[in-house]
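Chain by chain, the residues run as shown.
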Amino acid sequence: MFGFLKKSPAEPDSPLNVAAAEAPAPAQAQTLSWRDRLKAGLARTRANFGGKLKTVFSRGKVDDELLEDLETLLLTSDVGMEATRHLLHELGTRAKHGRLETPEAIQQALADALYELLQPLEKALDVHTHRPFIIMIAGVNGAGKTTSIGKLAKYFQAQGKSVLLAAGDTFRAAAREQLQIWGERNGVTVIAQESGDPAAVIFDAVAAAKARGIDIVLADTAGRLPTQLNLMEEIAKVRRVIQKADPSGPHETLLVLDANIGQNALQQVKAFDRAIEVSGLVLTKLDGTAKGGIVAAIARQCPKPIRFIGVGEGIDDLRPFDARDFVGALFE
Amino acid sequence: MLDNLTQRLARVMKTLRGEARLTEDNIADALREVRLALLEADVALPAVKEFIAAVKQRAVGEEVIGSLTPGQSLIGVVHRELTKIMGEAHSGLNLATQPPAVILMAGLQGAGKTTTVGKLAKLLRETQKKKVLVVSCDVYRPAAIAQLKTVAAQAGADFFPSIADDKPADIAAGAVDWARRHYYDVLLVDTAGRLAIDGAMMREIAELHAALKPIETLFVVDAMLGQDAVNTAKAFSETLPLTGIILTKLDGDARGGAALSVRHVTGRPIKYAGVGEKLSGLEPFHPERMASRILGMGDVLSLIEDAKKGIDEQKAVEFAKKLKSGKGFDLNDFKEQIGQMRKMGGLSSLMDKLPAQFAQAAGQMQAGAEEKAVGRLEGIINSMTPAERTKPELIKASRKRRIATGAGVQVQEVNRLLNQFEQTQKMMKQFAKGGIAKMMRGMKGMLPGMR
Ligand SMILES: Nc1nc2c(ncn2[C@@H]2O[C@H](COP(=O)(O)OP(=O)(O)OP(=O)(O)O)[C@@H](O)[C@H]2O)c(=O)[nH]1
Ligand SMILES: Nc1nc2c(ncn2[C@@H]2O[C@H](COP(=O)(O)OP(=O)(O)OP(=O)(O)O)[C@@H](O)[C@H]2O)c(=O)[nH]1
Ligand SMILES: [Mg+2]
Ligand SMILES: [Mg+2]
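Top line first, the protein sequences correspond to chains A and B. Mapping the first sequence onto our numbering, position 39 (from 1) lands on 39, and the numbers just tick up by one. Mapping the second sequence onto our numbering, position 402 (from 1) lands on 402, and the numbers just tick up by one.
In case anyone wonders, no lab produced these hints; they're calculated from the structure. None of the values given here were measured: they were computed from a predicted structure. Heads up, the beta-carbon is just placed ideally off N, CA and C, and yes, glycines get one too. There's no promise every hint is true.
As the list claims (entries may be wrong) - Some chain A residues close to chain B (C-beta under 7 Å, calculated; not the full set):
no., residue
1, Leu75
2, Thr76
3, Asp78
4, Met81
5, Gly142
6, Thr170
7, Ala173
8, Glu177
9, Gln178
10, Ile181
11, Leu231
12, Asn260
13, Gln263
14, Asn264
15, Gly288
Please construct the entire structure, taking both the sequences and the accompanying hints into account.
Here it is in structure tokens:
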């Protein structure tokens with residue numbers, strides 16, 4: 001345990017019961033700017049986090065009790081023990097060096113510490129290095145893989161790229177039909193097979209993309225949990241087959257994480273990284289989660305660039321990750 | 001990897017050796033550890049607070065009995081309380097109404113609603129011989145209706161067609177009418193995933209509920225959810241009079257603290273647990289196993305139950321007897337046990353039931369390697385004589401050489417097997433004495449190929 005938290009008083013009273021109803025409905029989001037939209041999406045995060053922070057900060061001095069409260073607060077935001085310890089340590093160090101006498105100064109110091117932690121994860125995906133640029137998408141069940149592919153197709157097409165989708169989820173009921181609908185919405189080809197082997201479908205898709213001079217291949221895969229060792233082996237095989245189809249590929253291996261998930265997200269990053277060498281993350285459902293804190297834990301323990309965030313179920317609800325916006329929206 | 005609570009407590013409780021009673025003072029540090037362990041397991045803070053208060057009240061004054069350390073005593077209290085909060089023993093679905101009994105599903109996006117409809121349909125058909133109709137009111141997610149249609153066919157249930165241009169309320173009304181006229185016992189209604197803060201969508205499901213008057217309104221929750229589970233559960237239970245919870249994706253390695261959060265907020269029973277993508281992957285919920293899991297103690301009990309499920313009745317009785325007495329467990333049983341592991345889908349399906357540390361160690365094993373190791377073990381036992389199998393102490397150097405040659409392995413491997421057998425035997429005895437924690441320590445020996 002860290003020294004300045006030695007004395008452990010009774011549970012601090014943190015007003016966690018910020019009413020859920022106050023947050024605006026994301027329904028009319030269509031006309032808002034991306035930042036407004038993320039803000040709308042993060043409104044509850046803000047209400048919760050900011051709300052709690054205000055009570056914490058109104059005390060105005062960095063002492064043990066304040067740090068204890070902050071610890072609680074970070075933990076309840078899914079930041080996790082290790083990253084929480086780090087952030088508090090940072091805050092403690094800053095308190096020693098500078099004058100953190102006002103609540104605003106403390107808030108700024110914590111925001112800065114969080115920003116410094118997250119900033120290195122802000123690395124845009126460069127899809128110009130290869131053609132076709134093969135992107136493989138993986139993740140646990142229901143994380144938002146297929147939906148993210150639908151959004152990515154739109155995103156890349158808007159940048160003038162040609163896109164092809166590969167229906168590599170040959171397992172889940174109607175997974176292929178779901179991707180086909182996203183293909184129709186985007187007006188792009190979906191390579192699929194009646195049944196069978198995900199690796200074979202994706203191999204075909206890469207060949208088709210080469211033949212047609214397509215810029216980007218997005219390969220969907222079935223959801224799987226890291227405990228399903230046979231399925232983890234299967235996805236490793238998919239990766240190997242892509243390599244066979246194109247020795248330089250896959251050029252990006254995206255792991256899709258649901259922002260609602262707690263500490264298990266760390267295990268997911270580690271396990272998928274072992275199996276398929278994850279090169280980037282997509283963090284979905286940020287329009288709904290109250291706390292995006294798991295990102296801080298990931299930054300500490302298994303850092304991977306966060307390429308995109310998902311902020312809704314619509315085709316436009318995808319954005320590149322921006323650490324400053326993210327922290328800003330969290331602390332506003 | 002997360003520390004398990006036993007280790008954490010061992011650290012803070014070291015100073016307490018020799019104290020005969022748990023007091024508010026001597027458990028303060030330990031309770032802080034419990035609190036952190038629960039937070040790390042994703043139990044939401046309000047639920048943690050209430051729980052800690054309850055444990056404190058129960059623990060203070062408790063005598064430290066016999067050979068137990070104060071830490072072990074406290075774990076006992078913690079485990080007991082947690083089990084209690086998880087709910088009473090399994091409660092099934094309530095279908096006692098004028099048919100059709102309508103069951104409405106609700107939950108966040110991707111929680112597992114559609115899959116669970118298929119699982120419940122299969123369960124009701126196969127175990128209760130019900131005539132089941134399913135319908136999708138999800139007009140939003142691409143191919144959601146097609147997904148339910150496929151799942152219904154897999155479950156052998158009838159599917160009431162709907163199209164994405166229909167209104168959910170109209171679809172529901174049509175399905176109820178159809179179910180009534182065709183004498184269905186049960187109508188399962190799938191709905192779109194929705195966020196608790198999405199006012200329009202929450203109103204939609206409230207209206208669906210009002211029109212359907214379901215006897216069961218099930219909240220489907222992903223076991224991997226983090227701290228926000230309380231807020232979500234709160235919003236859903238304020239919008240809908242929930243009657244039960246289904247916890248999905250428990251086949252993963254999440255500690256599943258969300259179970260406690262959701263129980264805390266809704267007070268509703270967790271009726272079933274989803275443990276796989278296949279439609280057979282649904283189990284009654286076991287409060288006591290969930291408590292062990294959240295505390296990082298591994299799902300030891302369900303492992304034992306799985307082992308029992310694989311063997312036939314007669315053998316189960318014998319096995320249970322042996323387990324109880326700790327006596328007479330011989331190499332034949334050991335081989336039997338190895339065979340069971342195979343039947344149960346290989347080691348990988350056992351892994352998630354083991355404490356996190358073991359599972360992690362095992363995860364680093366080559367995939368497939370464990371199966372091979374199991375095969376070799378069986379081979380070795382096969383080259384023993386019946387006498388050697390019932391009396392392993394007979395097996396001395398020359399016999400070992402013969403067995404090794406027969407099985408085509410090195411003598412060391414025979415030794416290793418005998419060691420593993422002995423450990424397992426010891427574990428059985430410990431289990432008979434009632435020590436779960438002791439048994440867990442012995443667990444490692446039960447897994448061939450694991451060092
Ligand atoms: N609110 C919200 N919902 C999302 C987001 N991304 C995906 N979803 C929803 O989450 C659910 C699951 O999404 P899918 O794209 O099917 O997830 P998947 O990872 O492909 O799922 P499997 O293939 O079954 O493993 C759907 O209802 C999506 O509409 C997001 O950013 N915000
Ligand atoms: N491993 C595992 N996967 C599950 C379980 N239950 C559901 N799934 C998977 O989780 C993913 C999402 O399940 P769905 O049934 O589509 O979830 P949903 O709640 O209907 O999703 P939406 O309709 O998009 O809100 C699918 O890939 C399912 O196969 C479970 O208990 N274990
Ligand atoms: Mg999918
Ligand atoms: Mg569904």
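Here is how each hint holds up against the structure:
With a cut of 7 Å, the hint placing A/Leu75 at the interface with chain B holds, because the nearest CB-to-CB distance is about 5 Å. Against a cut-off of 7 Å between C-beta atoms, the interface hint on A/Thr76 holds, since the closest Cβ of chain B lies about 5 Å away. A least Cβ separation of about 4 Å between A/Asp78 and chain B falls short of the 7 Å threshold, and the interface hint therefore holds. The restraint placing A/Met81 at the interface with chain B holds, with a minimum CB-CB distance near 6 Å, inside the 7 Å limit.
The restraint placing A/Gly142 at the interface with chain B holds, with a minimum CB-CB distance near 3 Å, inside the 7 Å limit. Restraint check, A/Thr170 versus chain B: the minimum CB separation of about 13 Å is more than 7 Å; hint violated. Checking A/Ala173 against chain B: minimum C-beta separation of about 4 Å stays under 7 Å; hint holds. Evaluation of the A/Glu177 hint against chain B yields a held restraint, the C-beta minimum of about 4 Å falling below 7 Å.
Using the Cβ-Cβ criterion of 7 Å, the hint placing A/Gln178 at the interface with chain B is satisfied: the shortest such distance is roughly 4 Å. The interface hint given for A/Ile181 is met, as the beta carbon of that residue sits about 4 Å from the closest beta carbon of chain B, less than 7 Å. For the restraint placing A/Leu231 at the interface with chain B, the shortest Cβ-Cβ distance is roughly 9 Å, beyond the 7 Å limit, so the hint is violated. Taken as an interface hint, A/Asn260 checks out: its beta carbon lies about 6 Å from the nearest beta carbon of chain B, inside 7 Å.
Hint status for A/Gln263: holds, given a least beta-carbon distance of 6 Å to chain B, under 7 Å. Among the interface hints, the one on A/Asn264 holds; its C-beta lies about 4 Å from the nearest C-beta in chain B, closer than the 7 Å criterion. Nearest Cβ of chain B to the Cβ of A/Gly288: about 4 Å, under the 7 Å cut. The hint holds.
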